[in-house]
Structure formats: C-alpha cells, structure tokens
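A.B. asks: Take a look at the letters that make up each chain.
Number of protein chains: 2
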Amino acid sequence: MPTIYEVAAAAGVSPATVSRVFNGANVSPEKAEAVRKAAKALAFTPSRTARTLRLQSSEVIALVIPDIENPFFTALARGVEDVAHAAGYSVVLCNTDEDHEKELRYLDIALSATMAGVIIAAAGGDSDLSGLLARRCPVVAVDRSPHGVDVDAVTVDNRAGGRAATQTLVEQGFQRIACITGPSDVETATQRADGWRDAVTGGRPAEADDHYLRFADFRGDGGAAAMSELLALPEPPDAVFVANSLMSAGALRVLSEQGRLPPATGVAVFGDLPFLPLAPIPITVVHMPARHLGITAAKLLLERIGGDDQPARTIVLRNQLTRVG
Amino acid sequence: MPTIYEVAAAAGVSPATVSRVFNGANVSPEKAEAVRKAAKALAFTPSRTARTLRLQSSEVIALVIPDIENPFFTALARGVEDVAHAAGYSVVLCNTDEDHEKELRYLDIALSATMAGVIIAAAGGDSDLSGLLARRCPVVAVDRSPHGVDVDAVTVDNRAGGRAATQTLVEQGFQRIACITGPSDVETATQRADGWRDAVTGGRPAEADDHYLRFADFRGDGGAAAMSELLALPEPPDAVFVANSLMSAGALRVLSEQGRLPPATGVAVFGDLPFLPLAPIPITVVHMPARHLGITAAKLLLERIGGDDQPARTIVLRNQLTRVG
DNA sequence: ACCCTGGCAGAAATCGATTTCACCGTCAAG
DNA sequence: CTTGACGGTGAAATCGATTTCTGCCAGGGT
Chain V
1 MPTIYEVAAA AGVSPATVSR VFNGANVSPE KAEAVRKAAK ALAFTPSRTA
51 RTLRLQSSEV IALVIPDIEN PFFTALARGV EDVAHAAGYS VVLCNTDEDH
101 EKELRYLDIA LSATMAGVII AAAGGDSDLS GLLARRCPVV AVDRSPHGVD
151 VDAVTVDNRA GGRAATQTLV EQGFQRIACI TGPSDVETAT QRADGWRDAV
201 TGGRPAEADD HYLRFADFRG DGGAAAMSEL LALPEPPDAV FVANSLMSAG
251 ALRVLSEQGR LPPATGVAVF GDLPFLPLAP IPITVVHMPA RHLGITAAKL
301 LLERIGGDDQ PARTIVLRNQ LTRVG
Chain A
1 MPTIYEVAAA AGVSPATVSR VFNGANVSPE KAEAVRKAAK ALAFTPSRTA
51 RTLRLQSSEV IALVIPDIEN PFFTALARGV EDVAHAAGYS VVLCNTDEDH
101 EKELRYLDIA LSATMAGVII AAAGGDSDLS GLLARRCPVV AVDRSPHGVD
151 VDAVTVDNRA GGRAATQTLV EQGFQRIACI TGPSDVETAT QRADGWRDAV
201 TGGRPAEADD HYLRFADFRG DGGAAAMSEL LALPEPPDAV FVANSLMSAG
251 ALRVLSEQGR LPPATGVAVF GDLPFLPLAP IPITVVHMPA RHLGITAAKL
301 LLERIGGDDQ PARTIVLRNQ LTRVG
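Here the protein sequences line up with chains V and A, keeping their order. In this text, residue positions in the first sequence follow the working numbering: the first is 1, and each later residue adds one. In this text, residue positions in the second sequence follow the working numbering: the first is 1, and each later residue adds one.
Rather than coming from a laboratory, the hints here were simulated on the basis of the structure. Here the structure is a predicted model, which means the values were calculated and not measured. Do not rely on the hints blindly, as some may be mistaken.
Copies of the same chain look alike in the list, so a pair counts if it fits in one copy or across any two.
Listed next, the in silico DSBU-like pairs over lysine-lysine satisfying Cα-Cα at most 35 Å (straight line) [to be verified]: (1) K31 - K102; (2) K299 - K102; (3) K102 - K37.
Given only the sequences and the hints, what does the whole structure look like? Please build it.
C.D. replies: Written as structure tokens, this is what we have:
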C-alpha cells in the first residue's frame with residue numbers, strides 16, 4: 001500500500017504535485033510523466049479513506065433494501081446501479097432483512113462514512129432518518145415512504161393497483177375473494193389491502209369484512225402458510241389477491257398441492273412473476289415498474305447531491321395490469 | 001457532524017479521553033459520564049472514515065457477485081451476511097453484472113477503502129485479484145475460483161452435478177438430450193456442460209457431439225432463446241439439461257408456449273427453482289447449497305481476517321439431487 | 001531597467017479519530 | 001521517608017490525500 005509520499009519521493013517531486021497529477025491540475029509535462037511512471041511502478045492506488053476524510057464526501061451511494069431475495073428489490077437495485085454508474089458513482093447494497101436494528105446500523109454507516117447519498121426502501125413504517133437529515137445527507141425514499149419525514153419519494157399507487165387487480169376477480173364472478181398481504185406495519189402492504197377492500201366492498205368500506213384478510217411477511221413461506229390457513233376455513237375463499245410475487249409463489253404452491261390451481265381458484269398478484277410464467281394458468285398480474293422506480297430514485301438523488309434544494313417531491317409511477325395464462 | 005474535539009470541549013476533557021470512553025479504556029467514572037452526556041447532547045457519531053484511516057482497517061467486508069438478480073447469489077449473500085453480522089462485520093454487496101470493468105472497480109474500492117476482506121464470485125474466468133493479494137487483503141473465492149491465483153475457495157462439484165442430473169434423463173430413456181449452459185468463459189458453466197457430456201456419451205468423450213450444446217448467459221431470456229433455437233433444429237432434442245435456474249425458467253416458458261412441457265420433454269436443472277415448484281411437472285433438480293456456500297466462505301474469510309495464515313484451502317460442498325412434480 | 005502577470009511547485013495546514021509518550025498523584029512496599 | 005508502581009489524563013504525532021499559501025522564475029509591457 002504505497003502512499004502518495006512514496007510516489008512523490010520516487011518521482012522526485014512533492015506530494016502536492018502527485019495529487020495534482022491525479023486530479024488534473026496544472027503540472028509540467030515532464031513531472032507529470034515522472035509521477036505517472038513512479039505511480040505505475042509502485043502500483044499506487046490513492047487511499048479512498050484519506051481522500052474521503054479530506055473532502056468530506058465520497059462517490060458512493062448506499063441503497064438500503066429490506067429483502068435482497070425479493071426480485072422486486074433486486075430489479076430496483078439494477079435501475080439504481082445503471083443510473084449511478086453512468087454518473088460515476090458506485091452503489092453499495094445494504095440488506096436490512098426487515099430489521100430496524102440492521103437498518104439503523106447501515107444508516108449509521110452511511111452517515112459516518114460520509115457517503116454521497118442514500119436511497120432507502122424502509123423496513124417497517126417509521127425508519128429513523130433524522131440523523132441523515134440533520135446532517136443534510138441526501139436521502140430518497142423508494143417504494144415505501146417513511147412517516148413524518150419530508151424526503152423525496154418514489155412510489156407506485158398501491159391502492160389503485162390492489163383495487164384494479166381485485167376488480168378483475170370480481171368481474172370474473174368470484175364470490176369470496178381473499179387477500180394475502182404483507183406485514184401490517186408496512187405501508188405498501190396495508191395500501192394494497194385497502195385496494196382489495198375497495199374492490200370487494202364495491203367502494204362501501206362500511207361493509208368491509210376482514211375475515212378473508214391475512215397479513216403475512218412478503219416471503220414465499222409466509223404466503224404459503226396464509227394460503228393454507230385460508231383454505232382451511234369452513235367456507236374457504238374461491239379467489240385470492242396476493243400482494244407480492246414471492247408470497248404468490250408460496251400461495252400457488254399450496255393451491256397446486258391441493259389441486260385448486262386456477263382457473264378453479266381465481267388469482268391476482270401484485271408484482272411480476274419473473275420465474276413463474278411457464279405454467280399456462282390464468283392469473284392477473286399487476287406489473288411493477290421496479291427498475292424504473294430505481295432509475296427515478298437514483299436520478300432524484302443525483303439531483304440532490306448536485307445541490308438541488310427545492311422542497312421534497314413525491315413521484316408516483318403507474319403500474320400496469322395484464323393477464324397471463 | 002460534531003467531532004470528537006467538540007465533544008471533548010463540551011465535556012471539559014481532552015479528545016483522547018473521549019476516544020478512550022468510546023473504546024473502553026480506563027477513564028474515571030465522572031469524566032466518562034460527562035463525555036457520554038456531551039456526546040448524546042451533540043448527537044455525536046464517530047467518523048468511520050477517520051477511524052479507518054487511523055486504524056488502517058474497517059469492519060466491512062465486500063461481497064462481489066456477478067448477478068444480483070440471480071436467486072442463487074442472493075441466497076449466498078444471505079449466508080454471508082448472517083455469519084458476518086454475528087461476528088460484528090457489515091457486508092456491502094457489489095454487483096458486477098458479469099462485467100470485468102465493474103468488478104475491477106469494486107475490487108479497487110475494497111482495497112483503497114481498506115475493507116476487512118473480500119468474498120468474490122468472479123465474473124468470467126480470470127479476475128485480477130493480484131492487487132488485493134499483494135496488499136495481503138483477505139480474499140475468498142466462492143462458486144467460481146479464478147485461475148492461477150492461490151486463494152481460499154468454496155465451490156460445488158459442478159461436473160458431478162451435471163452428470164448426475166443428465167443421467168436421470170438418460171435413465172428415463174430420452175434419446176436426444178440437449179444442454180443449455182452459461183457463458184463459455186465461466187468455469188461453472190463449462191464444468192456443468194462437461195458433466196452433461198459425461199452422461200450423454202456414457203463416459204466416452206470421444207463420442208462427444210456438441211450439436212445439442214448451447215452457451216447462453218445464465219439469464220432467463222438467454223435460456224429462452226437457446227431453447228427456441230434447439231427446438232427449431234431439424235431434429236429437436238427430446239430432453240434438456242439446463243445449467244442454472246434462471247435459464248430454466250426461460251426454457252420452461254418456451255416449452256410451455258410450444259406445448260412441450262414435461263413429461264413430453266425431459267428436463268433436468270442445476271440449481272433450485274424457488275418460485276417454480278407450483279406446477280406439477282416432473283423435473284430433476286440439482287439442489288445448490290447456496291446459503292451454505294455463503295456461510296462457509298464467510299467463516300473462511302473471518303479466519304483469515306483473524307490472522308490465520310495457513311496455505312489456501314478449497315472446500316467443495318455436495319449438492320443433492322431431487323425430483324419434483 | 002523595472003514591474004507585473006501567470007504558470008508551476010513545494011511547505012504546511014487540514015480532515016477526525018487513535019495512540020504513544022510523558023506527567024501527575026496516590027498508595028503500597030521497603 | 002524514599003522509591004516504585006499504577007491509574008488517569010493531556011499534548012502531540014499519526015494515518016494519506018487535498019489545498020491553500022507562498023515563492024520562484026520567465027516573459028512581456030512601459
């Protein structure tokens with residue numbers, strides 16, 4: 001790990017000159033050449049740590065997501081990465097596992113490592129962004145917007161999507177439409193359930209009956225468990241709206257095991273099924289613009305990093321309904 | 001962003017004492033209390049950057065993977081994270097997108113940010129780990145082991161797995177067994193194809209006929225394209241061994257579209273199908289211990305970080321054959 | 001002949017935390 | 001009563017790159 005001083009000594013110049021060579025300041029051609037030669041000979045790599053300490057900022061942005069095994073978040077990550085890389089930033093992914101403790105730890109790291117900015121899909125409802133905001137660290141919320149904090153956010157219209165998906169089941173004539181959604185403290189989960197409720201009650205929430213509503217964990221096994229539970233009811237549902245793709249895989253597995261796959265049971269899913277579409281079964285899918293969420297969030301963040309100081313914005317992307325199978 | 005100096009001033013002590021309080025050295029109870037109070041009042045967070053610069057090491061390990069959208073790598077990541085977190089380390093994920101340029105960039109960052117260590121699933125065959133090794137930065141290769149460098153590695157027996165999977169197709173009486181594998185410059189891809197060749201030629205490689213062999217990209221669309229190509233042959237295959245799960249999703253989609261799903265066509269897959277198992281179709285699956293690969297790699301890395309200096313080891317995990325559907 | 005401008009380069013300060021070194025008391029042993 | 005040991009503490013050096021600040025020198029204008 002050679003330092004700038006050793007390079008300077010080898011090239012017969014001062015450290016300042018070496019620094020200038022690497023940062024494109026005015027240096028005479030001969031010295032620049034000498035420095036470059038010395039640097040190459042020593043395999044010199046400037047210390048990012050020292051640079052970051054001095055400059056009080058780095059070219060790394062943190063992307064904090066709750067579940068790295070969820071294809072939605074990985075697609076989102078790809079979007080973020082593409083934009084960030086094009087702008088010369090590196091992205092580090094932090095997986096919180098829906099755990100507030102881990103989330104806090106990563107946010108703390110982002111702060112104390114003076115990262116350029118943070119894009120966060122919050123675990124649960126109320127993440128503590130106060131530390132970041134107090135230090136004026138640029139933050140963009142994506143998919144889920146934390147309560148009570150005023151930051152840029154990029155989301156989709158979960159309620160409308162849930163409503164539209166469920167509506168297709170209503171129109172197909174199903175009578176007992178269940179809903180499997182995510183944790184009750186996650187905004188996107190409750191909003192999608194609200195959309196389901198809108199559709200099954202025909203817009204008369206007074207008639208809401210949450211008999212068929214299950215809060216699971218947005219994971220495959222959780223979806224399977226909830227589906228089993230629903231099917232074990234005295235009067236099992238004849239259709240189900242599942243609020244994300246991982247849970248739908250679990251739910252479909254259970255339906256498959258019990259021989260009740262569509263079209264016997266109506267199924268509508270919020271989120272893409274990247275691996276599923278092989279089976280020729282009729283399903284309604286609410287397409288999530290995951291990658292675009294990431295792209296948009298990254299662009300917003302870069303604007304903030306660039307010094308944009310306008311009031312916080314919320315961007316709501318559309319999702320699209322398709323039927324497969 | 002208050003510094004240790006401000007805390008020291010507020011508490012009426014020297015910066016050294018503040019540091020000692022946070023690092024558990026001997027400090028009188030009164031001063032310790034005063035420091036803690038001042039730190040809380042100022043919302044002081046020690047700068048990781050400064051700390052890292054001074055200590056020449058951090059508690060972050062980098063996990064470099066080629067495709068974050070591949071469930072295999074995300075499961076692996078979970079394994080790494082679990083072990084690392086338990087040991088007090090944070091994990092940052094770096095997605096190289098099978099791109100040597102990006103990979104190099106991340107390795108460079110890991111080095112110049114003096115991270116504690118690196119776990120890498122190399123993009124392509126010959127990643128340049130020389131920089132890391134020259135600086136004695138602990139490195140563990142996982143899934144794929146780079147050529148010509150002597151580092152700890154954790155892999156599975158790809159050839160045996162490919163052979164066993166293909167063998168089940170042979171035993172089912174299929175005559176024309178194709179193979180869809182990954183890029184030809186990726187070790188795991190060629191090894192799995194070797195296993196396929198072993199099985200179809202009955203161990204007489206002289207009779208190898210790569211007519212039915214396709215190199216794709218380990219992604220869904222690539223698998224679909226390869227499958228279409230194979231089916232368009234004058235004499236299409238009656239079975240296929242697919243070398244990873246993402247490609248198998250694409251391949252199955254094509255088979256589904258053409259009404260040739262199993263059991264009409266024989267299918268064997270290397271890698272788990274986390275989302276697929278809903279459909280009651282008979283498939284052979286080579287189970288990959290993805291999470292355990294991660295766990296094992298992380299443990300090895302932690303040993304190295306702890307100063308273990310023994311010669312490099314290679315650990316080969318078993319994979320398990322199952323039939324679903 | 002003198003001054004000014006501008007390009008180039010080095011000395012030294014700086015970023016914030018850690019740690020060595022030195023120093024001061026205090027208390028126990030000789 | 002002296003000496004040694006030891007806990008507590010601060011001053012200052014250190015990690016490595018960046019950046020002012022300053023000075024040197026050459027060339028052009030008056």
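A.B. asks: Taking 35 Å as the upper bound on the Cα-Cα distance, should K299 and K102 be classified as within, between, both, or neither?
C.D. replies: Both: 26 Å inside a copy, 20 Å across copies.
A.B. asks: Since the copies are identical, ignore which copy is meant and state whether K102 and K37 lie within 35 Å (CA to CA) inside a copy, between copies, both or neither.
C.D. replies: Intra 45 Å, inter 25 Å, cutoff 35 Å: inter-copy only.
A.B. asks: With identical chains, the pair K31 and K102 could be close in the same copy or across copies; at 35 Å between alpha carbons, which is it: within, between, both, or neither?
C.D. replies: between (48 Å within a copy, 31 Å between copies)
Against the hints set out earlier in the document, no violation occurs for any number.
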